[in-house]
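Residue numbers (the UniProt record's numbering), protein chains in the order written: chain A, 1 to 340; chain B, 1 to 340; chain C, 1 to 340; chain D, 1 to 340; chain E, 1 to 340; chain F, 1 to 340.
The set of hints was computed from the structure by calculation and includes no laboratory data. No incorrect hints appear here.
Subject to a maximum C-alpha distance of 20 Å in a straight line, what follows is the list of computed SDA-like cross-link-like pairs (lysine to any residue):
{"id": "1", "chain 1": "F", "residue 1": "K101", "chain 2": "E", "residue 2": "M330"}
{"id": "2", "chain 1": "C", "residue 1": "K126", "chain 2": "C", "residue 2": "Q153"}
{"id": "3", "chain 1": "D", "residue 1": "K26", "chain 2": "F", "residue 2": "I66"}
{"id": "4", "chain 1": "C", "residue 1": "K26", "chain 2": "B", "residue 2": "S315"}
{"id": "5", "chain 1": "B", "residue 1": "K101", "chain 2": "A", "residue 2": "R340"}
Number of protein chains: 6
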Amino acid sequence: MNKVVSFGEIMLRLSTERHLRFSQAKTFAASYGGGEFNVAVSLANYGVNANFVTKIPANDIGECTIKEMRKLNVGLDNVAYGGDRLGIYFLETGAGTRGSKVVYDRAYSSFATMNDNDFNWDEILKDVTWFHWSGITPAISETAAKQCLKAIQTAHKLGITISCDLNYRSKLWNYGKEPHEVMPELLKYSNIILGDIDTAYFMLGKNKVQPNYQHKDSLPTLYDALFAICPNLQIVATTLRYTVSASHQRIGGILYNGAQVYNATIKEVTPVVDRVGSGDAFMGGLIYGLLSYKQDFQKALDFAVAACCLKHTISGDYNLVTVEEVEQMMLGEATGKVSR
Amino acid sequence: MNKVVSFGEIMLRLSTERHLRFSQAKTFAASYGGGEFNVAVSLANYGVNANFVTKIPANDIGECTIKEMRKLNVGLDNVAYGGDRLGIYFLETGAGTRGSKVVYDRAYSSFATMNDNDFNWDEILKDVTWFHWSGITPAISETAAKQCLKAIQTAHKLGITISCDLNYRSKLWNYGKEPHEVMPELLKYSNIILGDIDTAYFMLGKNKVQPNYQHKDSLPTLYDALFAICPNLQIVATTLRYTVSASHQRIGGILYNGAQVYNATIKEVTPVVDRVGSGDAFMGGLIYGLLSYKQDFQKALDFAVAACCLKHTISGDYNLVTVEEVEQMMLGEATGKVSR
Amino acid sequence: MNKVVSFGEIMLRLSTERHLRFSQAKTFAASYGGGEFNVAVSLANYGVNANFVTKIPANDIGECTIKEMRKLNVGLDNVAYGGDRLGIYFLETGAGTRGSKVVYDRAYSSFATMNDNDFNWDEILKDVTWFHWSGITPAISETAAKQCLKAIQTAHKLGITISCDLNYRSKLWNYGKEPHEVMPELLKYSNIILGDIDTAYFMLGKNKVQPNYQHKDSLPTLYDALFAICPNLQIVATTLRYTVSASHQRIGGILYNGAQVYNATIKEVTPVVDRVGSGDAFMGGLIYGLLSYKQDFQKALDFAVAACCLKHTISGDYNLVTVEEVEQMMLGEATGKVSR
Amino acid sequence: MNKVVSFGEIMLRLSTERHLRFSQAKTFAASYGGGEFNVAVSLANYGVNANFVTKIPANDIGECTIKEMRKLNVGLDNVAYGGDRLGIYFLETGAGTRGSKVVYDRAYSSFATMNDNDFNWDEILKDVTWFHWSGITPAISETAAKQCLKAIQTAHKLGITISCDLNYRSKLWNYGKEPHEVMPELLKYSNIILGDIDTAYFMLGKNKVQPNYQHKDSLPTLYDALFAICPNLQIVATTLRYTVSASHQRIGGILYNGAQVYNATIKEVTPVVDRVGSGDAFMGGLIYGLLSYKQDFQKALDFAVAACCLKHTISGDYNLVTVEEVEQMMLGEATGKVSR
Amino acid sequence: MNKVVSFGEIMLRLSTERHLRFSQAKTFAASYGGGEFNVAVSLANYGVNANFVTKIPANDIGECTIKEMRKLNVGLDNVAYGGDRLGIYFLETGAGTRGSKVVYDRAYSSFATMNDNDFNWDEILKDVTWFHWSGITPAISETAAKQCLKAIQTAHKLGITISCDLNYRSKLWNYGKEPHEVMPELLKYSNIILGDIDTAYFMLGKNKVQPNYQHKDSLPTLYDALFAICPNLQIVATTLRYTVSASHQRIGGILYNGAQVYNATIKEVTPVVDRVGSGDAFMGGLIYGLLSYKQDFQKALDFAVAACCLKHTISGDYNLVTVEEVEQMMLGEATGKVSR
Amino acid sequence: MNKVVSFGEIMLRLSTERHLRFSQAKTFAASYGGGEFNVAVSLANYGVNANFVTKIPANDIGECTIKEMRKLNVGLDNVAYGGDRLGIYFLETGAGTRGSKVVYDRAYSSFATMNDNDFNWDEILKDVTWFHWSGITPAISETAAKQCLKAIQTAHKLGITISCDLNYRSKLWNYGKEPHEVMPELLKYSNIILGDIDTAYFMLGKNKVQPNYQHKDSLPTLYDALFAICPNLQIVATTLRYTVSASHQRIGGILYNGAQVYNATIKEVTPVVDRVGSGDAFMGGLIYGLLSYKQDFQKALDFAVAACCLKHTISGDYNLVTVEEVEQMMLGEATGKVSR
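Make the full structure from the sequences, and use the hints.
Following this line, the structure appears as structure tokens:
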């Protein structure tokens, strides 16, 4: 059976309810999430043996996180404990003409201040099929970037498939290094990369790609650049988002395996219940698709797009759907009927 | 004054709130509903003397049901008490690309296990104008089917107008009989039938109609088949639903009186607040329309369609609207204005 | 720095939640609002020194109102205390094909029964830049109309810019006078008027304008009529609303400065979270725009329209947005992205 | 079967939740209540044919009231419709050392402004066993006092048993008359009176009784005074309350039938979930007790005290308990056991 | 490490919030529980390897149960899937003079209708230290009783310590057998029994013990009777409850090891947040105490009593406390201080 | 008019609702608080001109804090903006035998990382009557301690009355200094000190006082020690708490002015709605009492104790009561009556 390990930060998510603005909220809905963890949850829901490696504080809030991970059936044997605090992000959910807002309060978290000896990667990655990381971890702190590299190198050494979601976050990267000073070294070992042109612009350095989203050659240029930089790269993919409003998105996807470009049909997503984590849902769907449908790249891509669409209808960071539900969506079956 | 009697099961409805999935819910909204009861509520709201015949357990949950029925001004003089439990259905409300789900927990209910002497139909139907039943009751249990027939025959004997909503539920019909072994005998006495081609396919037996929804001749074929089977049939109607997503429906309707086909204008319904019970809202509107507008079948159909549309905007199974509100909708008056 | 004074009634707003009908509600969300107060809140959010003049009862409910005003940073040095009660309005929030409903319970309020000596206008309007009133105040009671005139005349005497939102409310005007007997005298002194043709039909008297909204000459006729009646008029503007459903509006605007007509691009607003107060958001945006962009009337109008659109996404009467957010919307920047 | 008619005002009750102060509340729990209506609900719960006579506005809020009354199985055939508004009271629920607060907003209500021809008392009181009124109605307005007298005189004429709860409210009686100018005439016809010494002090006039609650002779003096004033008086009773805190009461009762004094055992009531309506629960229990246990005055009193105690555990104005539950409490059966 | 297996039914618990009566509730809080499962949760919280054996339906509601068990860290490797429905119990939480009420809706559950081959007891009980069952399982159905016996016999054969909570439920035992026809055979193998005199009266047969709770010899009589019937019995214990009200309990305990009687100090428990599951908390504490403190029976008993007290402060069926919290309570440390 | 300045940290408070444990919470109630701010709120409620000096981040969460302070009528002209984050504390509210728990997440807050030039104390303290600080600020960070000293010295120089609540928090003081190395210097200038023996034990150094709470001489010893250390000391006071359970406290107080000891009557406080901030409520009451009742120290102490008691009944950190409410409590007037 496939065993996937994902490495990253899990945060407490505090979101306003019913589209309230921050200043109107008297309660926050409390849940948990983080890019790499959300990928692990997707996989666990699809029946994959999914494991998450992170560090959380040894206090009651950390314990809540553990209970949540356990409920979601994500393996947590290699979670490290310690440090001062769990990272937090505040979310104000927009609607229509008003976008959602995130206020990060994740500095000084247990994960950001991890120690060199918190993780024994040879142990952690034993018997593992797939290792997943994202561009958020090296953006958090120098130690996080260092551990990320160590994990990636170990995975590479053990012949494990490595996937990366570029996930550029402009509000991070505050520890004195630019993304392009760190990321290329990390990407070298990756076999599957998810990313778009704007993200890559920052990640790869400014002379590599230009952030012109609309230009028809921008994606081919990006893909070529990535294949040039990453000797182990096999697949690169991009989530396509055409935004109508905060409540209405059109979602597609593109995948390139170095030989052929695959496109997925654009799907209408309205209303958007919660779009946070929809990129992670794409990533989780893609990993599942590649693991399950092997060389049928079109099907893998379609699964990722359908998973991404469904995520927009679910509150919280996670894509709480089954393989059957995603496949039913791929078939385009009517959702307006009540299943009874 | 018209007096309508409706016969069927009322259930406790436990639904997740704010589009949560079942596994996310820490509370369930508790309300009540059931196809035939929902029709009675519609009629009571329209000022008709509406009565409901059912059986509920003699416990605190049953008592809650009674209080709800009383609040809604539905007559409950002929409710039977006894049995083990109130049927339950769990509802997960979808959105956009994710459809709603119903999990039934209605087996062994007081209604399903009714006794032969629970209802004195001659007494119940005295001075009654209209009797309504649906295809759900004979699907529940053999006794329920038996009582349903007894009620229908009594109504027919007393010259009462009889309406039926075909309402096929694939998860019921578990007691050993197929719909087509039971329904034709029951339908024989009905004067008004609401149903679509897919439903009829199961109800009438496979050689009667083909479940080809898209074919332009499918409805005429169905209507001819129904008139052929049901000697007392006067009107047959169908709710037309074109599903864009779980949050967006297009609603129309069609009515055939044996001589002429009437069509209603398609209406956009978005967002869908709650679509459960929208078919019952159509049925309730149709009965009211036929009672009130007599031979103006177009107006009766338009009332049914407008009522059905409004139901989609209301939480819970019932169509809590007045005649004035439905008629205002029929006139196509702007709803974007705040009435103040 | 600009100092704006707004005069009117503030009410307790009791609204049903999650689109429930009144009869389904077991709780009411409690907030506060009123046309002229909502304008003051908009301005306070934009950083303008905004003050509100009203009368509230000297009881616990009145005290809640004071705390709310304080939170919103609206100056309340000239609030009068006394009388029997705070006006209330009940709001049932519609969706899709079902419009919202307001039930007023504002008769006999402290504001409606104000005394002649509750407000010292010379004192209140000292050092003030702008005075705002609306057609609601003179509709409430004879004393309110009288105080409104006194305020306007004092403002005129002191050379203060005066704006008026016509705001016709058919359920008010119950004290024996028709709008056209009262409004023209009040409008004489106004420099900026916001209103549409239907409103003006009632306000100006039936022989002045005809309520034919669709006719292409109706707005020019209205504007000419207003300029003819109001010797101090400089600008007249209208919010354009094209209603698709209770959940979907198309919003534009038009402004005429006596010389040139300015039009704003129509914007799609869907879903509508709460449309109450969207006209006040337009008015607040227009005042801010005229104060800040001076003779750039197009920009002032665009600001008003963008502000109005954003209001539809916010629960409650107030437009809780910043100048930056409105300006970002004017630039048409994508709202579907999460700001993080 | 006994048929009871109760006459008075029903109000919308808006209460803060979880002991919040008014200024902390963002929602109000909405329910309904009023002294005389609460008595009717008690009786309906005990299986008595209970009817309520009142006047409510013909708007959506009035309609909510009707649905609530219907749910509670209180007869409302003689409810009058019209007037401007439903009376409201705001409730802040205290705890421990902080008492509860009520802010009335009931002036100008439909009930307070009733017309002389709203009620046809001969019709209303036909076939009635018992008529109940309280000292609140004559305190509301002159017309209300006048209708109250008319109702009482009609009831007396028809030989109906008349009960009165003195219920002095200092914040009412604002229409120019003192209680002692109005109440004695009304009390003359009453057969059963519930009241305490402080209440009676105001009701009967200052020279009749002295408000010395502690003095051991105060109650006998009151009772003698009442028997002297009221020629039809048969029974007078008093709820005894020993207040420990807002969350802890000790409840007893005393009853005098002109011949003998009956005392009930003091019961501990803690915590107090909601004490509003507990006096009405006593009154409702007393009426039921006198109707059911006839000359067993001790049992009637014990029933009233037990009912009053139970009310303190129930949210809202009504005592939602059955005869079985009250009788179980009279037997002193353990409540700490879970009934399962 | 100790490994405990508990066998029984887990139900969906639907409880009213804020002490509402059933008829007032518009939502039910949804959680899960059942006597034997609650014991497993206690042990998991104490760090014991706790496993639960049950049967749940293969539908969405069953899946929720699985997620909950996983969150609570209870092993579920031997859960069987199938059958029609998850048992439900409705809970109305009382206060003060009003007791809590349970309405069972657990008939026809997956557990009650288990098959003979659902559980392979030799497999399940391999390497197990302790097996726990209660008097509820043999009360549910004949098959359940049969499986219970099989489990017990297997455990006995394997030399596993067996504990039983007598847990008499009068509303069960509906399948045609009396407790005393079934229980003695099952109890024969038990090493530890928790029970009180009233329970034992029914369980053991009427001539064995008399249900005279107050008599000072009743417990010794019970204990002697149990030791006489159960050849493997080592310890018998009883939770002592002195009920002041639904909100106030006094909790103690007694333990007899065949040689010596141990008593625990009575503790005041007020207010009671939720008393359901408090007996299971005692049982879970007792098992933990006996496993951890070995022959220090006084300490084991004190742990059980402290655990039971703490449970009363926690919403839901489970005793969500740690060993440290229970031991702190045993030391009688002040709880009024905020730990910060 | 008196003008009071309070200096300290304000935090976001995230508390579980309805006594839920952290791991059960799906929402957190969001409010704000902090020892010194709570004192300012008390004073603002009493009509005193209260100002708060703190530092908050320039983000949306900081802006929420500003709106809250404004609502509460606390002057915020001298709030500094900047830094990374608002401090947070998580609160699990206990009940009965289970105490409340606080998890701090306040490290690295804007306040803890304040700069030397954030506050201009000469400017801030101009025209100020009273300056209040507590032992929390010097425990947070070295810079905070330094600014605290600067503020105190400036206040002393300007002849402002200085009060201090010792407020020892064992989880703070992490920056390398012991309390007794810092506090004595700060206390030297204080005129009024609130503290108990356990707190003082840590604050003053171990050889100054012994932490023997029960010993009858402990408080006199503490008071003598404080007068010995603090040359400007005029009054020292202690809140007396006798804890029955997390839901039941007995509150008293003692005050010593160097000449005479004043005692307040012990009051029962049950149930405790929220005890966080009750010490601050005592402090706020004491300041108000000393400002208002001058040399009537008994009355000042009684006011402080009554204020402290009332706080226990109010959710959140603040004591939202008026002078009238505290004085009514001082008179011991019954709280069990509903004020209407």
